[in-house]
Structures are given as structure tokens and as C-alpha cells.
Amino acid sequence: MQPRRRIFDLEQRVFRKDPFETVEHCRTYDLDTRTSMIIPTQHMMKILAPFCRPKAKLLEVGASSGILSLRLASLFRECEFFAVETNDAFLASMRENAIFANLLNYGGKFSYEWARYSRLPVATASVDVVFAFCSLNRWTEPFAAIKECHRVCKPDGVVVLYDLARDADEGMISFVLQYTGANHEQFMGAMRSSFSVEELQAELAKLSLGDWRVTREGINLIVSSREIDVSFTVGEPGIYDNIFAPAWAEAAAVA
Amino acid sequence: MTTTSNITRNFLDTPSYWRDYPDRDIEFVRWYPCDVRLLSPEQVFRRRFAPKQDVSFYMHIPFCNQVCTSCPYNKFNTRNTLVERYREALKNEIDTYSKHAYMNGVKVSSGYIGGGTPTTLRAHELDDLLSFFKSRFEFTNRCSITIESTPVDIDERKTEVLLKHGVDRVSLGVQTFSDPLLRHLGRARAHTGEKAAQTIEMLHRMGIENICLDYMIGIPGQTMKLWEEDVRILMQLPVNSFSVYNYLVLPGSEAFFGIQGGLTPICPTSQAADQMYWYFLDQVLSNRYVAVTYNDFGGPMSKEWDDLGVKTYPIDPQGNTGYMGLDTSTFYLTDHLTHVWYECGDLMALGSGGYGFLNHHMYLNEPNINRYVDLANSGKLTMTMGSYADEHERRCRSLVLGLKLLRVKRADYKRTHGVDLYDVFPDKIDDLIEKDLVSLTDDALQVKFKKGWFYIDNVCKTFYSDANYRLPQPSPASTEILKWQVRNGTEEFAHATA
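Taken in sequence, the protein lines are chains S and B.
Following my numbering, the residues of the first sequence are numbered contiguously, the last one being 255.
Following my numbering, the residues of the second sequence are numbered contiguously, the last one being 1498.
Check the hints yourself; a few may be wrong.
[Unchecked claim] For each label pair, taking beta carbons as the anchor points, the in silico distance ranges come out as:
{"hint": "1", "chain 1": "S", "residue 1": "P54", "chain 2": "B", "residue 2": "G1262", "range": "37 to 43 Å"}
{"hint": "2", "chain 1": "S", "residue 1": "T215", "chain 2": "B", "residue 2": "S1329", "range": "47 to 53 Å"}
{"hint": "3", "chain 1": "S", "residue 1": "N102", "chain 2": "B", "residue 2": "S1286", "range": "56 to 62 Å"}
{"hint": "4", "chain 1": "B", "residue 1": "N1080", "chain 2": "S", "residue 2": "E24", "range": "31 to 37 Å"}
{"hint": "5", "chain 1": "S", "residue 1": "E185", "chain 2": "B", "residue 2": "G1262", "range": "29 to 35 Å"}
Since the hints were derived computationally from the structure, they do not count as laboratory data.
Beta carbons are placed, not taken as given, at the ideal position from N, Cα and C, and that holds for glycine.
Extracted from the complex, chain S is given alone in its bound form (with noise of 0.2 Å):
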């Protein structure tokens, strides 16, 4: 009987620069995270929807083309959203996607601007919620961005940073790339140059944020600043639904 063979070579962490160098690029990436990357992009919103309450201020570092915190900021609406982003082309399809909220009226609150996440342009204990979705494996200076996030947080806020695990099982990545279709490069390439929940842990104890939690879910790794409820079952509020319906909202703000 043979033990299974290792699949990827995913053994040593291989940081790679912002891929992402044109609109077109970015707009591609956008829709990824409507479609293929929608059952993390679903996780994450209900991970953050406990969170999202009235007058609450959450900040998106690399906001990618900003349609996760646009559709929170539908959802909430008495939320306030603030994205920054250090990719231009990443900002100009920002920029698309907050004009055709506006044209359909979302009714949200979301602004951005281009900042350097190793110095945020936000006040110190200022943030209700700073959170990341899939960008921890493209920043230059992870772990003093980190420091910054936690600056800004409020002491009874929370910081929650949601990357690919490099370390995730191999079953499940063989799963996943086989549904990347043409965007299996940029998936593989995300996945060599995220963390392992290792990795992660003994940085975060360098920094002094040893308290910090490192989960993987799937082949998510999730970073939060206290203990939150990470887990993500089959049937929860599905990828089929219609995301127009304030159903949704309803039932993430519950759950």
C-alpha cells in the first residue's frame, strides 16, 4: 500500500509582487471573487456581519476592486466602509464598481484612497473592524502592516485578515484548482506566497500579538485579533441565492 505522494510544492513560501498590473487584469479579478471565489467571499461576510453594526467603522486594507466591502456596505447601511488599496489599476476598478453602486443606488456608506498599508492614513484605536480578504499574500511589508491594522483597531475592535493557507490540505487545493479554469496561474501563484498557519503564528508572537488567533478553514487561513466564530458549514446562506433578496442581510446579521 502506497502512502500518498505530496502533490504541490508548496513547502517553502515563495512571495511574488502584486500580479496585478493593469485594469484588465483587475476587472478579471473582480468577477473571480463573484464566481470562483465566492464561497470565501460568502464566509468572510458572515464572519463580518456580527460586527457590522449601526455607526460601526471598518476598514478594508487591500480592497482589491472594493466589491466585498460595497457589498457589505449594501447590506449595512448604517455601517461605515473606508478601503484602501496601494494598486492603481486595483483603485480604478474600485472606482467602476462604487460608480455602478451609486447608479443603482446601494444605499451604502464606502469610500477609499490609496494608501500604504505599513502607515495607514487612519487614526490610532479609530476602526471598529480592519479586515483583509485574499490580499495578506501580495503586500509587500505583511508584518508591519499588521503592526498597523492592530494600531487603528479600537481596544474592543476587531482585526480580521482572511488569506489562502499554504499549509490547507492538498485534497482540497487539487479540488479547487481544478474549478480556477484560466486562473490557475493566479491561483497557485496566491498560494505559494501565503502563509502557513505556522508561519503566521510565530510572526504574530515576534509582534507581540501572540494572543492572536490562526485558523485554517478549508484552504482559508483567518487571522482575527480575539476569538470569532470562523467556521463555515455546507448549508449555510448558500452561493444560489439571490443577492438582491435583504433576506440575506437578515439572516447574516442573525447567524
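Knowing the structure of chain S, use the given hints to seat chain B on it.
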């Protein structure tokens, strides 16, 4: 409020490719082994591993006149130049196989022509392709060949051609007789419930003795009332087999955006879909139809089948339902399932993206249609990736796939593998018995009705080897995996990563 109880479960919900009991796995197990790597024809045939035997075939025709909104298979809209090139490539592939030493003296014992919609080929194209095939291979006397079609892509001329070449079974993608539901599926406008009934009548009148009908559960907008009507219609038609599949919505598909944007009704919940399935089972099995797998059925049992020596067995021996299953090895229409699924018999894959099993290797043909055409036209076999099944993996395969047929006879298993199945897997079988998912008698290992049927994919996956544990089923898209594996291929089969 939306709750977990009224949400549709679907194939791609996370983590969907592997769930351990008591969670129900819903990945459709159809291939084994799953640990696929680059594989070349030279590797497959470097020496003879398997005994000489008859071969089944699967031929993939990846064309549809109308691509359904959620179809996950390898297919293209019909384009004449591509169809023509593809047909020539198929003939070249057939020719290459027929000259291969491994196929010397081998007879074709059964076949399945799937897609896509193979009957999108015109009558003279089907005639040419099948004539060529028959000129290159010898077919056994009772070789049964099935072809897939839709109700709108087959006519009397094509049927004549099929009958002429011994295609004796047509599997018709009816899906439902409800016209509104057909529209939600994105079926061609001409495909209506009435048209489906007319096509079935035409096939029957023309002399197609075996008509199989595909139904779907979980279609957007489907209700129990509509489903009851479909089941009622089914049992009035001259069909002697039928299959029922779960509707699948892939992220990014047209169906996905339709549902997400509120343009298409949502799918029934998983609970509602399960209710439809159990209702269907009770209706067909109590009317003397017999189970082939948990989703394929035949019948009703007749004197004609009795006279052919078709055997059945009770699927619920401890209960009082009287429901019966088909002993697939006793029927010429189903013995290829026994051959391929639990005897690890040879299956020749023809066409882009087709799966086969030859000389103890599970393999996939080049899924990129243009690369496939180039390879086949250069006189090469088009195997791209796959896996060698050693003795242990074959013993696993016979249960992983064999139990899809709901029962594996111990004598058959011993004849194939030289050992009793319980001696190979005592702990796994005891565990499944403990969970009330299978029963073991002196005669057979059998999936228990109804609980084992509900957990059929969990049951099958129990017999995955350590090397395959928690790996997803391969798919044509798996060729992307090859590019990222630790060990890439050599120049010998560089076409896979070109």
C-alpha cells in the same frame, strides 16, 4: 428569514469534495484511482499488465447545438469546421488503437457514445464514423452500444443509421416534461415536453428496443407537484431504463448568474430534493422496476427479460418492501458495468476529455480539443494523465466503483482478485456494518437500503487507499493540476503541459 434548513446544498458548497460520516458526501464518485499524474501512452503500454480481454469503449462527442446553462462537461457549440476536424481526429484515434499491439485480436463488447450531444452529428457523419469504427474493430455478437441524445437532436434518418450499426440503446436527456422548467435549464426552445414524448414514440416505432430517459432533481423552480407529474409520465412511456441526477449549479455559469440575479427561480432545498428522490424510488420500485445503481433503474421486469436469464436480488432483504435490484452481470445491457466497475476490465476512451481504463491504468484523453485533434491526427494516442492501479488499488477500485452497483458478489471479487473482499478490508467493512451502511452475507457485500443509499458516496470512498484518501475525483480540468505538481513530466509527454 433564511435558515440552514431551506438552503440548497450544492456540489461546490465548501468543503464539498470530501465529507466524513455522519456528514453526507455528495461528490459523484465515478473514477478511481484519483491520484492522477502525467501519463503517456508509452507508460500505459510499456508492458502487458492486464490479461487479454474484450474491451468496452467510451466515445466523447463534445458538441451541443444548445449548451445548457449549467452543464459542467467538456463541450462546445456545434461549429462545422471544428466538428469535421474532430470527426477526422476520432477516426485517426480509432485507427491508431486498432493497430496497437495491445488491441491485437481484441473484440469490442459494449460501448457508450456520450457528450455533449453525439447526435448533433448529421446522419451521414454518424454513418461514416460508425462504419469506420466497425471496419477497424471486431464487435462481439451481443455488443450493446448506447448513444446520448436530446429530444430535438435525433430524427428518423439518424435512428436508421444507428440501428444499422448496432446502436441498440438511446439515452435521452429529457430532464423533465415541464416546459417552464426546461426553459430554466436553458434547453433549446424546440425541446418541450410534447416534443420529448414524440421523440420517444418515434424511437420506439423505429425499433430502438432500449430507450433510457434522464431526469433531473433540483431544477430551478421545480416543485414536488411537478415532480410527481414527471414520475407519472415516466411510467407510461415505452422506456426500459432511466436515470435521475441532481441538478448542479457551477459558480460563474449562466444558471448561477440567473439565480443570483433573481432572473431564475431558486433551486429546491436539499431536503425537498431528497424528498423527491425518495418519492421517486418508492414509485418506481413498487411498480416492479429494478435498481441498477442508486440513480439508475431498469424494467419493469418482464417475461422477455426472465427468458434472457436476467437475475434480480432483494435490495431490502431484512425489510418488507419487496424492492429488487438488478444483477448487472446477468444482463447484456449492464454487464459492461460489472466488467469495468468491479472486474477492472478494459475501457477504451475515444475523444477529447474521455476517460478510460486500459492495462490497469485509469487515464484521461487530452481535454483541449485543438491539442487533441493535433495529437490524434499525428497518429498518436491522446492519453494525457492518469494513474496506474496496482494490485491493491484494483482491489480498492472494485469496491469504490463496484458498490455504486449496490452489491459486490464475493465470488466475483475472488475470481477477479484471488482473495475474499473481507480478507482485504475487514476493518473498513466492520466499520460500515457498525454504521448500518452495508450488510455482509456469504454471498455479497451489499449497500443497505435506505441508509446506505443515502450515504452511497461515503460508502464508496471508504475503500479509497491511503494514497487516494481525501483526493477529489479527477476531472478534465485536472490537467491544470499537473502544471503545479511537485514532479513535472519529462519531454516524452510534454504535450500535456504545452
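Does the beta carbon distance between N1080(B) and E24(S) stay inside 31 to 37 Å, or does it fall outside? holds (32 Å)
Verify the CB-CB distance for N102(S) and S1286(B) against the hinted window 56 to 62 Å. This hint holds: roughly 59 Å between Cβ atoms.
Using the Cβ atoms, figure out if P54(S) sits within 37 to 43 Å of G1262(B). For G1262(B) against P54(S), whose Cβ atoms are near 27 Å apart, the range 37 to 43 Å is violated.
Do the Cβ positions of T215(S) and S1329(B) conform to the proposed distance bound of 47 to 53 Å? Roughly 50 Å apart at Cβ, these two residues keep to the hinted range, so it holds.
E185(S) paired with G1262(B), Cβ distance criterion 29 to 35 Å: With Cβ atoms ~34 Å apart, the hint holds.
Of the numbered hints listed earlier, the single one contradicted by the structure is hint 1.
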